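J.: Taken in order, these protein sequences are the chains called A, B, C, D and E. Note that the first sequence covers residues 14 to 314 in my numbering. Note that the second sequence covers residues 1004 to 1374 in my numbering. Note that the third sequence covers residues 1004 to 1374 in my numbering. Note that the fourth sequence covers residues 44 to 307 in my numbering. Note that the fifth sequence covers residues 585 to 903 in my numbering.
Since the hints were derived computationally from the structure, they do not count as laboratory data. Bear in mind that the values here come from a model prediction, so they are computed numbers and not experimental data. Among the hints, erroneous ones may be present.
Covered stretches of chain B, going by a simulated chain C footprint (3 or more residues, C-beta under 8 Å) [stated by the list, open to error]:
#1 1066 to 1078
#2 1140 to 1151
Restraint ranges, calculated between C-beta atoms of paired labels, are given here [claimed, not checked]:
#3 B:1046 x D:48: 25 to 35 Å
#4 A:74 x E:802: 54 to 64 Å
#5 A:77 x C:1032: 42 to 52 Å
#6 D:290 x A:88: 46 to 56 Å
#7 A:88 x C:1227: 50 to 60 Å
#8 B:1193 x C:1146: 41 to 51 Å
#9 A:124 x B:1193: 53 to 63 Å
#10 A:57 x C:1087: 50 to 60 Å
#11 B:1192 x C:1277: 29 to 39 Å
#12 A:79 x D:107: 26 to 36 Å
All C-beta atoms, glycine included, are put in the ideal place defined by N, C-alpha and C.
What follows is the residue order along each chain.
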Amino acid sequence: MADLSFAAPQAGPMRTGVPSRRRQLRRIALALVVYGLPVLLILVPLATFLLYSFWSTADGQLVKSFTLANYIDFLAKPVYRSVFTGTLWLAGIVATTSLIFGYIIAYLIWRLEGRLRYFLLLISVIPLAMNYIVKIYAMRNILGYNGPVNWLLIQIGVLDVPSKAFIYNQTAVMITMAVIYLPYAILPIFLSLERISPSLMAASADLGGRPGPTFVHVVLPLSLPGSIVGALFVMVLALGDYLTPQMVGGNQGFTFGRAIWSQFGMAFNWPFGAALAVVLLVSVVLIILVAAAISRHARVK
Amino acid sequence: MTSLSSNGADAGMSFRNLIHLAGVGKSYGAVNVLKPIDLTIGDGEFLTILGPSGSGKTTILRMLGGFTPPSTGRILLDGVDITDMPIFERPFNTVFQDYALFPHMSVAKNVGYGLKMRRRPRAEIDAKVADVLAMVELADKAARYPAELSGGQRQRVALARAIVCEPRVVLLDEPLGALDAELRRSMQDFLKALQRRIRTTFVFITHDQEEAISMSDRIVVMDHGKVEQVGTPKDIYYRPHSEFVAKFFGENNILPARLTGAGASLAAHSPLGSHALSGPAPADAISIAIRPESFCVGMAGKSADDQRSMTGLLESLTFLGATTQLVVRLGEGSPHTVKVRLPTPDLGSGIGIGEPVPLRWSDADVSILTA
Amino acid sequence: MTSLSSNGADAGMSFRNLIHLAGVGKSYGAVNVLKPIDLTIGDGEFLTILGPSGSGKTTILRMLGGFTPPSTGRILLDGVDITDMPIFERPFNTVFQDYALFPHMSVAKNVGYGLKMRRRPRAEIDAKVADVLAMVELADKAARYPAELSGGQRQRVALARAIVCEPRVVLLDEPLGALDAELRRSMQDFLKALQRRIRTTFVFITHDQEEAISMSDRIVVMDHGKVEQVGTPKDIYYRPHSEFVAKFFGENNILPARLTGAGASLAAHSPLGSHALSGPAPADAISIAIRPESFCVGMAGKSADDQRSMTGLLESLTFLGATTQLVVRLGEGSPHTVKVRLPTPDLGSGIGIGEPVPLRWSDADVSILTA
Amino acid sequence: MTAAERMTITLLWLIGALVFAALYGPAFMVVLLSFFDISREGIDWSSFGLQWYARLGDNPQMLAALGNTLLVGASAVALATALALGLAYYMKTGVRRGRALIELVIFLPFVLPAIITGISLLIAFRGLGLERGLLTVTVGHVVLVLAIIYRMVTIRLESLENSQIEASLDLGANNWQTFRHVVLPQLRSALVTSGLLAFTLSFDETLVTFFLVGGDATLPIRLWAMMRVGFTPEVNALVSIVLAVTITLAVLGAMSLKETMARK
Amino acid sequence: APKELRVLTWEGYADEPWVKAFEAKTGAKVKITYTGSVDEIFAKMTASKGEDFDVIAIETSSYKRLTQEKLIQPVDLSKIPNAKNLLPAFGNVSAIVFDGKPYAVPFAWGSIPLIYDKAVFAEPPASWNVLWDEQYKGRIIAMDDANNAIVTTALLLGYKDPFNLTDAQFASIKAKLLDQKRFVSTYYAGFDDGVSIFAQGGVDLMMSMGEPQAPMLRKKGLDVGLTIPKEGAIGWIDCWAISAGARDPALAHAWIDAMLEEDVGTYISEKTGYGNTTNAAANEAIGLTYADKLVFLQAPEDFARRIDLWNEIKATPVE
Ligand SMILES: Nc1ncnc2c1ncn2[C@@H]1O[C@H](COP(=O)(O)OP(=O)(O)OP(=O)(O)O)[C@@H](O)[C@H]1O
Ligand SMILES: Nc1ncnc2c1ncn2[C@@H]1O[C@H](COP(=O)(O)OP(=O)(O)OP(=O)(O)O)[C@@H](O)[C@H]1O
Ligand SMILES: NCCCCNCCCN
Ligand SMILES: [Mg+2]
Ligand SMILES: [Mg+2]
């Protein structure tokens, strides 16, 4: 047992004293890269640009003097306010829908074992490989007046004539967005389910927890924070999506993203557009912070 | 003679059968980790599984709890086959080796979980949780979360969580492993007292042989996925069947022995003399075992019928606190030494290294290892 | 008298200073978890840190290893301040309490990791890994992954991984906690032998007081983030300074005492009689301690100068294997009981429960607890 | 399982099947259209033909656009992964001041409307004198997907025990070696998933790309412009091929992924 | 390195036949960026200060803004010999001349007409008012374009100068458009968008974004008619201009010159259905004979105001 050939006790690589200055320099350099890159690549361009929101235009010309007029305008013009809340509401519903259906899919997949599990997981995200513009077109066909949904409903006798209830309205926007963005919710939800240690499930069963209660008291609370992150992800995508409402929303398809966009084209009101973007940004950040605070408060790790 | 049994060991066999493991074995793929075992566990019994790391202790417990299906055999509870019964229907509760506390629930919520699953009224849950938390000395930590506890505290929560439901069988996978000596001792007392009070079957895994002896009605000694011996603490301590048990179960002196004679005159010859043997002659070379504490030093004292003596030479002497250990060579030039353990205060008269040591022992304390 | 020291305890103070913890303390935010301590660790010393769960043992080890910066004080190695030296430059290796094995590496890769980081030749790595795996009895598990091992097997891998690099100081956070008794004993022997051979400093955390006594040159006893006592095993065992140490360090009988007199006539009066006291008078109510094994039963035997005796009543009797424990009430109606521990064979003459027990002890075995 | 539980699960599978049908509805539609003509009366089953696939070969613009898209996606994901990893690991290995702020900065492009990100990056690149082209598009995509990769890596890193890193440092590995041998291998599945997600985002990115692109279009840019006058049926053929290739890769991936996951 | 010409234009305005020919002739490489909307051209040109492109194609109402922002430069007609091919009607378009200097050259034109389903209308609808007819509620689609919607409504309301509206006129137009919203199923975004929605069924009438939509619909099997209602309709002219940041103005001029080749104009009309500016016969062949009934677009008084109004229309919920 004792034939481990211990060489003369050698004191490992000790490099005390001298290199601490170099190390410090390296540490500073590293910090510079780590903090500098995002600042340079993201913060500086965006911040410079968002400065526009404090400027104004007169006669189609930019006036570079500080003003809060754009923000006041936003508050004063009921159109933009209501489009803003309407869009938040829409994105919220899309996120909630994706959370519910994404959770169901992720949960079912998570319950599977072995090869089937990862196969189905991939199958559920593959639709992302299809271009989204093409997908919206396809959805419009599917939901359309002479599309398969109407066809099917007529075949099974639910409808006599094609309905316009599925297209060119908010419902169509929600369905289409949910279909497009669902895979983005499934993945994070699945990952948060997968992080639950099997021994916790065993412990719950051991304490008499049937599958139902185990789900409610152990699986759901432990996976919810990750799932909410997935839903927020979808919400942000939905907020920024400006094509889907346009394409399937009909005369209800005007969203905040399109309102912002309209300021940068012929309207040439960049300052107002920037202010609208800041409003959107601040709201999203607030939503995320609140969600984070809630999940922290819920003590779920 | 005073009865040494203060832990019901002698009553061990009087338990009504509760659980029967019939030919239960386990393989992972081609690797066999538990050879088929047959074991009966009595209702209200305190059964301990003892064995080296990797010997299959946890595996048995997991099959009892329903966490791992056996590869072969059936498990019966009250004569009913529960091999395929789902975990949550088994009236068993487990203290897991890795605690498995719910990270998102407070200590109180963790402990109350089982009662809640059984839809007990809130007031009852609160009261029982408070009681059991007091028992494990965590009353003041009820509102904490597992991440805010030390390792030992976490294990006590796990223990509290398993016992609060008063299950028919409690399965404990080294529940005291992480506790310090002081707390460990008080938890041993607590566990044993609890077990007596609720008369619940405990299946208990430990590494600590003293713990096993002091707590158990019976002990199952395991090695390499095989049951080496099952018996009361006294059985196992005084009558080991195999060298493995003799060695594993506390420190022991093992000496080689030769067989002579046959039938009634069958005897084993060891460096400590010859010892009578009953029963069928074992096949091959055997050995004998005698415990270090079975020796006395000095010639004084009544010499009973089976009293033997011999003079050895002191080789070394180690202070171990309550006891002191001597290594004694059995005669000049002998290849054999024995370890002798004496209560430290007994060493009043000094013996120097290399000086002769008068050893005395009783032949009844010599076990003959035939398995 | 024979020297009881077979573990170098008496030579404890002859080590050259290697590490000096100078006023090292730790707070997390407002919570102080380690009061500033001053401690010198000798080169080649086997130092054990012993204390209840949460007392700050791991905290000390983490500061030594460089994982946690101290809040106050400096750490010196060979007189050089290493408080700010990065972990990977310290010639220390650690066995972590939670193993911290790399789950994506096989056992062999885990053990070879440190050597690989030091860019040792492949052949050397393979050879050393094989050697050390053989030592921890895991040679056949080299290709397994941590998830495929039992708890004890994992801890042995962690141990192997830390010692294979031959560091100057090995830091061990309860490395033997999960091992079974047999393996634990052989690992103790192995660790101690290894430590002697390579003359490497070991800083060792354990819960097991017998382990601490048998292995250590010195023991640091901790409680609530405070060092209670530092000393050789004998110091601590026989001369506890405080009730905490007396209790924590193996089973002990603590009895209340009153002070009388002053100066030379200062004495403590306990249910066991009065005991002379030297040194300055302690402030307040004190107690005395005597170990269960310091008692003998029966009146026979030489009566030394400081021999005392008393007759109690047997309350209970528990078989513990090598020893048997008696609880004896110090006289009819007395509120005090003592635990008495006798080697089991000594109980030749039976005493029934409730019958009188003649107790005998030496006044030198009584410690007066002033701290 | 009780009958109620079994029924719940069956019901969930039913819902799941419907959701899967919805997810694959568009794909089904597009594949159908790549083989058949569709008119007001429905599908003309007699029109089956592979002509749109054949015509793809005559459309070098579209194929070049697909190539550009893949190139940009792969480079952006690679760069963003490197950046996100470095950042996440740096934040993991110490108490870092300003962490929340930097994280917010990383998330900005993700939550801002694409047009804002697009225009501001264009202004910045113009200021730097950086020629618009696939390089600027790639940088734009890096900025966009950084947040997702960072987020997923951070989540995985958080569940990586600190003692793993400590053990490695303790065994003499420096920070880089620790990262390379201990951290990185355990991040593999998080990197694969976040990389895939990021790639799909880049694959579809239109608005930011529009501002940063030079003469070499990406596929979404081509489709975006085509949308005004209508897609030629080759688009359906192209999308069908991309889908088929992805599914094949996924099936192959599922096999190997399962093995790496089993190791954990 | 070979010369390079960066073109920002619409799908169909830089097709292979003439791009290839241009490349062969000049040895330059043409890099085309297609755009989806005027807004995009504006946003991108403004953000890049015109540096990203050499030539762009955009319609007449935009030029005031483009010159004001100095995003384009005047064209030197002397470097465009083919300018002589321009039909007289396009020889002197005032909306692209500033300070006496031409800033663009007309290339393609068309109208914003009314398209209807012949199965529903035996006769072409006579007035834009049909878009406010309860009878066709939910069966009307209109294009999502602020200026086109406002100018067309101004024509309907009989305003003299649809490019310089008074506050009162703005108010009336807003009321009128809000009123219309009830009847409109959707606002579509592009040529194909409108066509495919129409073709899907359930649509009788469309405020069209240009002539090509009629043949596109017919190709899908719908029998539709195209008409210029009695109030008149918008006429649009897409012109080529040279960006302020053009790297090789000579090459840019060469491109514009090439665009005025007669066969390019012929192709434009025959293949895509737009009016061209060089071949009158080709225009007549596809029925573009009503240039006199059109009101050609000019820069409006305030784009921002018009877009705000349009946003308001789109954002206002209808029952
Ligand atoms: N999932 C598994 N796959 C393969 N082998 C396994 C698996 N789980 C356990 N084993 C092996 O089975 C044997 C018995 O394991 P078990 O956990 O029952 O040991 P144990 O007696 O509880 O040990 P310890 O005291 O160390 O906890 C060990 O050799 C272990 O490596
Ligand atoms: N990061 C931390 N923040 C706050 N408190 C901490 C932190 N780490 C440890 N503690 C506290 O410091 C105290 C000492 O902890 P330490 O881990 O040193 O105990 P220990 O003696 O090793 O206990 P055990 O035997 O249970 O391992 C404990 O009360 C613990 O809760
Ligand atoms: N396919 C090219 C379309 C060009 C349309 N320009 C029209 C401008 C009308 N506002
Ligand atoms: Mg185990
Ligand atoms: Mg600790």
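J.: Next step is simple, just say for each hint if it's right about the structure.
T.: Results of checking the hints against the structure:
1. 1066 to 1078: violated (count 0)
2. 1140 to 1151: violated (count 0)
3. B:1046 x D:48: 25 to 35 Å: Holds, at about 31 Å.
4. A:74 x E:802: 54 to 64 Å: violated (46 Å)
5. A:77 x C:1032: 42 to 52 Å: holds (48 Å)
6. D:290 x A:88: 46 to 56 Å: Given about 50 Å between the Cβ atoms, the range holds.
7. A:88 x C:1227: 50 to 60 Å: holds (59 Å)
8. B:1193 x C:1146: 41 to 51 Å: Since residue 1193 of chain B and residue 1146 of chain C have Cβ atoms about 43 Å apart, the given range 41 to 51 Å holds.
9. A:124 x B:1193: 53 to 63 Å: With Cβ atoms ~39 Å apart, the hint is violated.
10. A:57 x C:1087: 50 to 60 Å: violated (35 Å)
11. B:1192 x C:1277: 29 to 39 Å: holds (32 Å)
12. A:79 x D:107: 26 to 36 Å: violated (47 Å)
Against the hints set out earlier in the document, violations occur for numbers 1, 2, 4, 9, 10, 12.
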